[in-house]
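Dock chain B against chain A, hints included.
So the sequences go chain by chain: A and B. At position 15 of the first sequence the residue is numbered 14 (numbering that gives the first Met the number 0), and the sequence of numbers has no breaks. At position 29 of the second sequence the residue is numbered 28 (numbering that gives the first Met the number 0), and the sequence of numbers has no breaks.
It is possible that some hints are incorrect.
What the hints assert, rightly or not - Here are the computed lysine to any residue pairs in the SDA-like style, where the Cα-Cα straight-line distance is at most 25 Å:
(1) K141/B with T274/A
(2) K448/B with A75/A
(3) K461/B with A323/A
(4) K129/B with D121/A
(5) K141/B with Q155/A
(6) K25/A with D135/A
(7) K122/B with R149/A
What the hints assert, rightly or not - Residues of chain A placed beyond 12 Å of chain B at every Cβ, according to the derived structure:
(8) P22
(9) W31
(10) V34
(11) C36
(12) G50
(13) H106
(14) V243
Honestly, the hints are just simulated from the structure, not real lab data. Note that the Cβ used here is the ideal one computed from N, Cα and C, for glycine as well.
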Amino acid sequence: MVSKKSCLREPLIIRTPQGLYCPKAKAYIDPWRPVACALITHAHADHARAGSSQYHCALGGENILKKRLGEHDIRAHAYGEVFVLGQVSISFHPAGHVLGSAQIRIHDGHSVWVITGDYKRDPDPTCLMFESVTCDVLITEATFALPIYRWPSMDQVMERLFSWWDHHVRNHRTPVLLCYSLGKAQRIMAEIRNRSDRSVRVHSAVADLNLEYERQGIELCPWERATESEKKISTDLIIAPPQVAGSAFLRRFQPTELAMASGWMQVRGVRRRSTINQGFVVSDHADWDGLIRTVKETGASQVYATHGETRVLTRYLNECLGVAAERLETAFGIEVGADQ
Amino acid sequence: MNFVALFQALDTSQSTNSKRDALIAFIQQSDPLESALAVAALTDRTTRKRLKPNALKQTAYLAFGENRWLFEECYSAVGDLSETLAILFANQEASPETTQPVLANWIHRQKELGRLEFGELAKDLLSLLKAFAKDEAFLFLKLSSGGFRVGVSKGLVNDAIARAIAMDRAIIEERLMGEFIADEDWLHRLQAPVTQDELDGRPLPFLLANPLIKSDLNSIDPSNVLVEYKWDGIRAQLIKTRETIRLWSRGDHDITEQFPEIVDAAATLPPQLILDGEILAGAPDHLQGFSDLQTRLNRKRITHNLLKTHPVFFRAYDVLRRDGEDIRDKPLIYRKEVLATLAVAQSPITFPNTPEQISVMRESAREAIAEGVMIKRCDSPYVSGRKVGHWWKWKLDPMTADCVLIYAQAGHGRRASLHSDYTLACWNSEGNLVPVAKAYSGLTDAELKAMDRWIRKHTVQKFGPVRQVEPRQVFEIGFEGIARSKRHKSGIALRFPRILRWRQDVGANDADHVAHFETLMIDSYAV
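Okay, chain A solo, but in the shape it has when bound:
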């Protein structure tokens, strides 16, 4: 991955069988195998894996990481705080993806590399807004790097969500919204709170994370755990991870009406292939405009795209923006349907 054009020096980050590696820091970024020292952008399963000896993450993400990985040596750093590892200085910067998510900036005195991890540019009441970090080399995600992916405003989405919710309550069906339990669920609950006094019931995977969000002072709409005992139609929205579709968990609220909140819902065929009737376009990833804008704002002269529509993004950057760009195969974003 050495670029002939911009890096005459040794690259700051290389790819190894364990994951992206910074030799000067002797640290890996979101490694997919256990290593000595791991820098973690965020706690979603394709980026944070258990078994490494030491973890560094952004302050706010450490408890979520613990919930996901179990007890480990985890060191949390405030956003912007510079710490030294080996021969480089490192800092975490808000990625706007989920609570405690971060971009990682690495500086060796010569050049600055930034790894975005997963990120979005849209406002989210549950986490700090993405911050553009000037750099020489940008390693970016490309999950939704196609012009068809441009996100509607949350005003638009929530209006549709509420009218769908009310419609099915009127028709005596329990509305069930499937979404990722870390981040998306809390984001939607915070948006509900900002617009209404509606309440929801949540799957226990969501509930555990809600507690951590609330502990950090993030305000969610009123919620309770959807416990085993109640067996009836609910007028509250049920929020649960996508895996529960077709499981015993939903049976007690029958008849149910399923919707999915995900960026993939932008395409009708994707929804119709599933057993889900309604889709809401909500993503915690950058859309096409967000990705392009970010590359421009960072001023990077070299871009590596790690996962998603990397082929399209790199071709566009090379041909249309004159930014040298290459693809970089990683194990991120493997679970496409989950839309982390």
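Okay, now just chain B, sitting in the frame of chain A:
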């Protein structure tokens, strides 16, 4: 409630009951012209495509300028041209109009656009799309360019109409046969009394056979059935009134103009007659296969030469009306007697004594250039639709071959972004793989997903949306016939090829050779 609201209700439901409820509410509550146009759209009766796919592409190209490739990437990911444009250009923040009628106005606009030169059209369409909400843009484009589908069958629409105006479904079905005039009087017309001329000229709902299951064969009483070959042509009704002769297809289209020689031949038949039968290639004593019939289809002009080289004829097997009288309630054996008095080519019938005789006749079907046999109860009335216990079809087992996957492409609609369209190949005498078929279906959803992952990992090369893959996966395909073809590298064209199963137990080297097809071709037609 307008068409957009109806679409949203239908598109976000998978239950037949709630779809029916939505349709009933729409028919009862909406403007009658809106519902007439909607029914036409839902039942594929919209005759003309007002905007060609190319017009839609030109519009996108105009917006993408030099980056056409980027648009093609979008199209490939979405899998539907109309939807791609709707996503890219509609106003995502706008909510669609869901009460006021839209269809009459849309059709008017589509006609206006259709009259423009490409350049002008693209500019106008682009600005129109920008003013639409996403669903509006999608529907506008889908309705104007053809191929609109929202998962409701014609039967469901008929059922909903019948319930909406509290009439019998069978009557509604009959009255909706033939030309559908989409105007604001359509509901009144459905409820009005019918004249003799209308009865004489209106096609009748087809009786559809059920596939024969092995256990059926034991329960069928051989002494109460007749057997005829299942002809491989186009099912149609021949309708002769006092003034006209028409051919009406099973797909509910007037196909008279394509087959002038059948109309000529029907001149000697008595008026006020409706026959059910099959349009076939060749002549009664010199039948040709379906591939010959295909040459006659979808022609703008039927030339004298074509009439000579590819003649067709109508082989009748049932009479539904005679002398203006509906005889569908009479037993089949009676109707066959009536048919025998008419000067028209007919399907020979046999009366079996044992189930074995039916089997034997089926075995001989390929030789007779038929697809199998039809078993019909002698006392059966001509009922509408696929009712059980009257007619059975017993097709020949398909011919099969093991083929290697060489190219894959993302599917459309429900299969958008899943690589589900396969190009399959066999070995030729030089030891190269040559394509023999494209197949789209036959795998389970789980298999499709697994194959999609495999395809993405084993892509050798990409040509736009088409991926060339490592030649390693073998599939057994089934097909109904083989014809020689100059267009295909392998020299053969298969009829209705589909994937029967994924042969994970077979390696690419063990796939079939082109010679295998040659053998099959010789066996089936005894050339």
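*asked:* Output the indices of the hints that this structure fails to meet, ascending.
replied: 2
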